[in-house]
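Please construct the entire structure, taking both the sequences and the accompanying hints into account.
Each chain is listed here by its residues.
There are 6 protein chains.
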Amino acid sequence: MNPISNMDRAQVLNQALPYIQKYSQKTIVVKYGGNAMINEELKQAVMSDIVLLSLVGIRVVLVHGGGPEITEMLKKIGKESKFIGGLRYTDEETAQVVQMVLAGKINKSLVSLLHRHGGKSLGLCGMDGGMIEAKKLQGEVDLGFVGDIVKIDTAPIEVALNNGYIPVVATVGTDQEGNTYNINADTAAARIAAELKAENVILMTDIRGLLRDKEDESTLIPFVQVSEVPSLIRQGIISGGMIPKIECCVEAVRRGVKKAVIIDGRTPHSILIEILSDQGIGTMFY
Amino acid sequence: MNPISNMDRAQVLNQALPYIQKYSQKTIVVKYGGNAMINEELKQAVMSDIVLLSLVGIRVVLVHGGGPEITEMLKKIGKESKFIGGLRYTDEETAQVVQMVLAGKINKSLVSLLHRHGGKSLGLCGMDGGMIEAKKLQGEVDLGFVGDIVKIDTAPIEVALNNGYIPVVATVGTDQEGNTYNINADTAAARIAAELKAENVILMTDIRGLLRDKEDESTLIPFVQVSEVPSLIRQGIISGGMIPKIECCVEAVRRGVKKAVIIDGRTPHSILIEILSDQGIGTMFY
Amino acid sequence: MNPISNMDRAQVLNQALPYIQKYSQKTIVVKYGGNAMINEELKQAVMSDIVLLSLVGIRVVLVHGGGPEITEMLKKIGKESKFIGGLRYTDEETAQVVQMVLAGKINKSLVSLLHRHGGKSLGLCGMDGGMIEAKKLQGEVDLGFVGDIVKIDTAPIEVALNNGYIPVVATVGTDQEGNTYNINADTAAARIAAELKAENVILMTDIRGLLRDKEDESTLIPFVQVSEVPSLIRQGIISGGMIPKIECCVEAVRRGVKKAVIIDGRTPHSILIEILSDQGIGTMFY
Amino acid sequence: MNPISNMDRAQVLNQALPYIQKYSQKTIVVKYGGNAMINEELKQAVMSDIVLLSLVGIRVVLVHGGGPEITEMLKKIGKESKFIGGLRYTDEETAQVVQMVLAGKINKSLVSLLHRHGGKSLGLCGMDGGMIEAKKLQGEVDLGFVGDIVKIDTAPIEVALNNGYIPVVATVGTDQEGNTYNINADTAAARIAAELKAENVILMTDIRGLLRDKEDESTLIPFVQVSEVPSLIRQGIISGGMIPKIECCVEAVRRGVKKAVIIDGRTPHSILIEILSDQGIGTMFY
Amino acid sequence: MNPISNMDRAQVLNQALPYIQKYSQKTIVVKYGGNAMINEELKQAVMSDIVLLSLVGIRVVLVHGGGPEITEMLKKIGKESKFIGGLRYTDEETAQVVQMVLAGKINKSLVSLLHRHGGKSLGLCGMDGGMIEAKKLQGEVDLGFVGDIVKIDTAPIEVALNNGYIPVVATVGTDQEGNTYNINADTAAARIAAELKAENVILMTDIRGLLRDKEDESTLIPFVQVSEVPSLIRQGIISGGMIPKIECCVEAVRRGVKKAVIIDGRTPHSILIEILSDQGIGTMFY
Amino acid sequence: MNPISNMDRAQVLNQALPYIQKYSQKTIVVKYGGNAMINEELKQAVMSDIVLLSLVGIRVVLVHGGGPEITEMLKKIGKESKFIGGLRYTDEETAQVVQMVLAGKINKSLVSLLHRHGGKSLGLCGMDGGMIEAKKLQGEVDLGFVGDIVKIDTAPIEVALNNGYIPVVATVGTDQEGNTYNINADTAAARIAAELKAENVILMTDIRGLLRDKEDESTLIPFVQVSEVPSLIRQGIISGGMIPKIECCVEAVRRGVKKAVIIDGRTPHSILIEILSDQGIGTMFY
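Chain order of the listed sequences is A, B, C, D, E and F.
My numbering puts the first residue of the first sequence at 1, with every later residue one more than the last.
My numbering puts the first residue of the second sequence at 1, with every later residue one more than the last.
My numbering puts the first residue of the third sequence at 1, with every later residue one more than the last.
My numbering puts the first residue of the fourth sequence at 1, with every later residue one more than the last.
My numbering puts the first residue of the fifth sequence at 1, with every later residue one more than the last.
My numbering puts the first residue of the sixth sequence at 1, with every later residue one more than the last.
Think of the hints as simulated: they come from the structure by calculation, not from any bench.
Please note that the accuracy of each hint is not assured.
Note: identical chains are not told apart, hence a pair may lie in one copy or across any two.
[To be verified] With a cut-off of at most 20 Å between alpha-carbon atoms, the simulated EDC-like pairs for lysine to aspartate or glutamate come out as follows: (1) 76 <-> 92; (2) 258 <-> 247; (3) 120 <-> 177; (4) 79 <-> 93; (5) 43 <-> 177; (6) 259 <-> 247; (7) 151 <-> 251; (8) 197 <-> 153; (9) 136 <-> 91; (10) 79 <-> 142; (11) 135 <-> 177; (12) 79 <-> 92; (13) 76 <-> 93; (14) 259 <-> 278; (15) 75 <-> 93; (16) 120 <-> 133; (17) 120 <-> 175; (18) 197 <-> 251; (19) 43 <-> 8; (20) 120 <-> 158; (21) 151 <-> 247; (22) 82 <-> 140.
This is how it looks when you write it as structure tokens:
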């Protein structure tokens, strides 16, 4: 990387000004996952971005998944991961592992990492303060303890934000009987954003955004009105694993989030670029 | 159990009054462990006691260990537990498991249980808000990632208490490099109590208290001045596994906690009896 | 009384938990009078109950009458008490005595008693902060300075509650000209409960509750919908001195108090039993 | 009275400005008694002065006695007042009457009067919130329940002031056993002023102030340093009933009150003139 | 001036009581201008009145003009003042002078004067906190930078009031491009009063009020309903320079100010007399 | 300027993170003057920097001078500027002009500019809230109304900061008699910084910093301990107009400001570079 002159530095900081103003004291929910969670360098960049955003006065909530680490832990205890239609079949033992890995390992390690980047954070899961009430996901196939969100109580998140902590949220929930459910992190991020009346929910993915031609990154579609989504699905432009992600975006916008963005977690500092420049990267739904 | 008359009920509630007054808005740290954590019925009784104390205006902090569940999980992943001088040898992989089991499984399950008993709680570990800064425990033998407490920042606990949540604390800590350490829960409870200027720290154990004659429960010593402890050790009345526990009590009292109590977690509702009656059970150090 | 075992004690406290939760931070207005005000032992029990409820987080307001002491004082100054239709004829001198006895003697003595049971309280009357604006009660017979409530300003009560004091209220009121009125304490309690949007108003009486057969205490009617009251009056089940008391209950419920209860003040700790157990005693109107 | 021109009115208001500034948000304790309490017109003037001072931002506390009304009530119930060395012998029955008359009759009537002059006030006595803890006054003669102040807890007064109420204080106190004591109002006012770190304590009397020649009002001594008092007593200038009053002044100043003033309650609006003009009337001790 | 007796003083203060009560914590906007701004003695009287009102708990906002000083300064720099239809033609250089004289000279000197009379004040202009957004006044003739109010943001005024400062407001405004506009002070005072939901807006003028016969001061019309104004204009009773002033009054009342008053600034302490006596002087519109 | 890649942008923002953390919620006083105040582009850059710093959570106070504009205005009114020893001789008329130009023209125009860059600000001078009390500067020569600071009351600045406004301060002061004084802006900035216990005071100048060889910018001395200053003066390295500036720095550091920096206002964004990078520019005194 070329050295950047002081002048250029000042220029860049200066150009960030209107964006900082725009998001000042606003809430942004970031769903963190995929490659950016596995690659060590990207991970450090994300943590540093989150701390920076938090420091310039943005109320950032970090929601995370952790599929690969769950799979790995299940393998360690000699249990095979079983997926049905892209969703993990979750028996009781698996649910325990999910809770343990998400809320104990990944969540607290993220908290620790943020701390090392100078941020103050609290690691929460859907059980804390009864934050995520879940019920068994209904569908054609029985997926065990895969949960559907019944109700979100954002009080613990707000207590964290109001006391200067970055809330890091692991998406396990419980029902009235105390069963543990595995909750899809994209869905949870979208719902939490809606409940917090967030300005923005950002889903980090491993793709460039929504491409008109999947083979050609230059065909990125930067803006999509949520009303256009059904037609894009019909045209096959939104397809496969993108469908649930984009449905989360649509859901979030429908419930009052100003915008929902899918960004490429493989680009370092993609969150900063998305928030603090006019170079929105990825695809924004509004 | 005989039915209790309304009159007796009123009587009992009434007699609890001076104790409730005494502890109103005071902080009590309860170290929860041992049999009371394994036996399902005792567990429910502890949770219900904690919620009740919290409801009558006592600021309760629940600190827990979880040795047996760690051992079990290590076994599951095919790793044998190794103890040196009563302390678990903790290599990096073990430290990960400790974090996962304590902060992810036990901690959040306790939070969930408290919730079902009508309490609001937040599950924290020593990483949250940088609460427990640790360093490698120095000693004759290398125990790996067994930690010594460097500094406690009680802000996350106080945020929880001040917002009406019961803080549940898993005692894993980190150092500046982000290494995870396994911290002894008795020690952590004592130190947290000291930092919070708690009124009382209660260590739940699997014995009746300090007995003059280990074979005879009727020889229970109800009160011990901390200055008497060295002599009791010399006499062999305090010995074996009791020594570190009682050193935690002494340490807590030295650092300003009004009293430190060892109670028998095998008796149902032993916490309630200890706090809300004149029948202090177990042994109190002051 | 048989000794109660620690286990039973814990059990009782434990069973009170859901009731404490239910009323936590809610307001309860207790109209205190009758035998429970004369019998010294019952009096102590009531004071202790009030302090306990206040301590476990319930906002208790104590409203009291004091007919017998007024009569006694009038006798002392050589003035006979005159009753018309159960209501005291109140000339100006009598009104002065009523104010003096209620607001100076009984009220402040209750404050002092609560203090000795460990409670903090403030003794108020309807004149404080202009709390009870009254006017001459209109009716067929002229009762002198017997007052009808025009307006309640609960600010002084709320100042007391919000600053941790138990408000004790003597029910004398004034009109714009500064005349003193004797206000029926049941009516005042019901109105104050309504203005405070209380959860519960409890009227202490000298009977067991509403009995289907006045001679047989086993015919107690535990629950009455306010809509059933007219029919119960017609049937003669509600009659005599019960009518105005029950009309206060109906009025309170109509104005938004969740429930109004008539309890037997002759039973020690009847308030505690009513609030903190499922053994509601007396008759509840909802 | 001659009509006052608008110009003169404005002039007067204007000249009050520096005094209002000086006392803004400061605390002034007024001991109200004597002729100003008996004469109806003077009483109205005092009430109106108190409301005005309170309105212009001065924290006024009104402390009152009530000897004549106590005597009158005792007479009504056929009990003779007995005085020893100027102090009322107070048996238990008398103590009850004192409490009743001071806290129930006079206190609440003053509250009601202030209300009619547009002020908001709360009527308190030494029992409220455990404000005045007393013990039996020790001396050569047994005076019964005449009390000496052990401790003042000004919390109830401050709650009133901070919530915009003028506290009106009847000076009856209690001991730990709940006995009622008659407390000298001058003494109580001085002590309350000291505890509140008041700017000023004003004792209303029925004399012009401290006169060098008791027969000649023109010999008024306007300022006295507390250190001069012993000499003035020796010279006989301070004598008789003035001694205890002036000792209260000295005590107040010694305990930190800026100044203590004895004013002539027989002059209408003497409080206003004292506070809001440079024509301090009466004698000031500093 | 005759000496005023203490009694009269007390009388006057006493009679001000109901007016102080009426305006306590209410907002009053005073437009200060004309003779009262030029004559040194009147100026001192106004400042002292403002401080007094502020001290007795009235939230006073002082809005000022400054035509003569602007004219004088323009003359100094060799620029002639040009008026069209009573309004100053304001080229860019003039606008600079207006800003400088109003916001720098007059405004800050008033702040300094209030300070010397014991008041705390902050000098603001329409630029502070973006308080007055203006645009070019549209009309038949081009008046240059004479502004029309687009929007008032009263936050800076409220910050001042809530922190105990008297806000002094110079009526220059800006548009989005940063141009400076000269804003009519009467209009600004009326609008600010409306935005603050003021109780009263007082315009100081150099006439006695609205006179039925301009030559005869005894024909003062003390009260005018805003609905009567058109008819009064038609009758010629309101005419000339009075028309815009009275239109400001009408506008203020229409936008929710309780009353708008035109008072004679040539009478010393006219503000005090208007606010604190029943001798409203001048003409009140309601 | 070359286009800056997104990656570089993110990099720059990221590298600013530790500096933002360091100054978060800390106070920085910037003395703005010289070329940066005259050159339009530099001015815009300064305003934008101030807004950015304020937005990322730094409490920025902007103190300004305005010599050239004062000179220009004096010339306009036909008055010559007279300097004695580098200080402007200030007769009464000049003092008026100083007040008018500083507090009315420059100050409010800066407020307006900050507003256009998205900042909220309040324009204050030393008269507001009695902020700067001054007295005549004593010296060999009579300089008229050139003031020496007697006392700073920072309340108005803190009110502005605490309510989210950037305080812009014009350095005119007054004495008890209400005379206006011209106060040196460097001195005022240093004193204000000291009173606010600021982290940093930054003086903008028209030179590169302290140079070992005045002719060679590469001989910049980046750090100076205040104790070294006398020796640097003796060596002639600090000389001429630098002496008073550096004495301000020394004074500020002596009074508790962490560091005082002289930066080159001719470099665009020099404030940003100074604060948000490790490339401190200019000379820092500590």
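Hint by hint, here is what the structure shows:
Proximity of residue 76 and residue 92 under a CA criterion of 20 Å is satisfied in both settings, with 17 Å inside one chain copy and 16 Å between copies. For a Cα distance limit of 20 Å, the shortest separation of residue 258 from residue 247 inside one copy, 15 Å, qualifies, whereas the shortest one across copies, 44 Å, does not. Only between protomers do residue 120 and residue 177 lie at most 20 Å apart by alpha-carbon distance; the minimum there is 16 Å, versus 33 Å within a single protomer. Both within a single protomer and between protomers do residue 79 and residue 93 lie at most 20 Å apart by alpha-carbon distance, with minima of 9 Å and 19 Å respectively.
Only between protomers do residue 43 and residue 177 lie at most 20 Å apart by alpha-carbon distance; the minimum there is 16 Å, versus 36 Å within a single protomer. Only within a single protomer do residue 259 and residue 247 lie at most 20 Å apart by alpha-carbon distance; the minimum there is 13 Å, versus 47 Å between protomers. In this assembly of identical chains, the alpha carbons of residue 151 and residue 251 lie at most 20 Å apart only when taken from the same copy (15 Å versus 37 Å across copies). Taking the shortest Cα distances, residue 197 and residue 153 sit within 20 Å of each other inside one copy (13 Å), while across copies they are farther apart (26 Å).
Proximity of residue 136 to residue 91 under the C-alpha cut-off of 20 Å is restricted to the intra-copy arrangement: shortest distance 12 Å within a copy versus 38 Å between copies. Taking the closest pair of Cα atoms, residue 79 and residue 142 come within 20 Å of each other only inside a single copy of the chain (19 Å); across copies the shortest separation is 33 Å, beyond that limit. Within a single copy, residue 135 and residue 177 get their C-alpha atoms as close as 10 Å, which meets the 20 Å cut-off; across copies the closest is 40 Å, which misses it. In this homomeric assembly, residue 79 and residue 92 come within 20 Å of each other (Cα to Cα) only inside a single copy, at 12 Å, whereas the closest approach across copies is 23 Å.
Proximity of residue 76 and residue 93 under a CA criterion of 20 Å is satisfied in both settings, with 13 Å inside one chain copy and 12 Å between copies. When the C-alpha separation of residue 259 and residue 278 is checked against a cutoff of 20 Å, the pair qualifies only within one copy, where the shortest distance is 15 Å, while the shortest distance between copies is 36 Å. For the identical chains of this complex, residue 75 and residue 93 are neighbours both inside a copy (13 Å) and across copies (15 Å), given an alpha-carbon limit of 20 Å. Taking the shortest Cα distances, residue 120 and residue 133 sit within 20 Å of each other only across copies (14 Å), while inside one copy they are farther apart (26 Å).
When the C-alpha separation of residue 120 and residue 175 is checked against a cutoff of 20 Å, the pair qualifies only between copies, where the shortest distance is 15 Å, while the shortest distance within a copy is 30 Å. Taking the shortest Cα distances, residue 197 and residue 251 sit within 20 Å of each other inside one copy (13 Å), while across copies they are farther apart (39 Å). For the homomeric pair residue 43 and residue 8, the shortest alpha-carbon distance between copies (18 Å) is at most 20 Å, but the shortest distance inside one copy (26 Å) is not. Taking the shortest alpha-carbon separations for residue 120 and residue 158, both the intra-copy value of 14 Å and the inter-copy value of 15 Å come in at or below 20 Å.
For the homomeric pair residue 151 and residue 247, the shortest alpha-carbon distance inside one copy (19 Å) is at most 20 Å, but the shortest distance between copies (42 Å) is not. In this homomeric assembly, residue 82 and residue 140 come within 20 Å of each other (Cα to Cα) only inside a single copy, at 16 Å, whereas the closest approach across copies is 47 Å.
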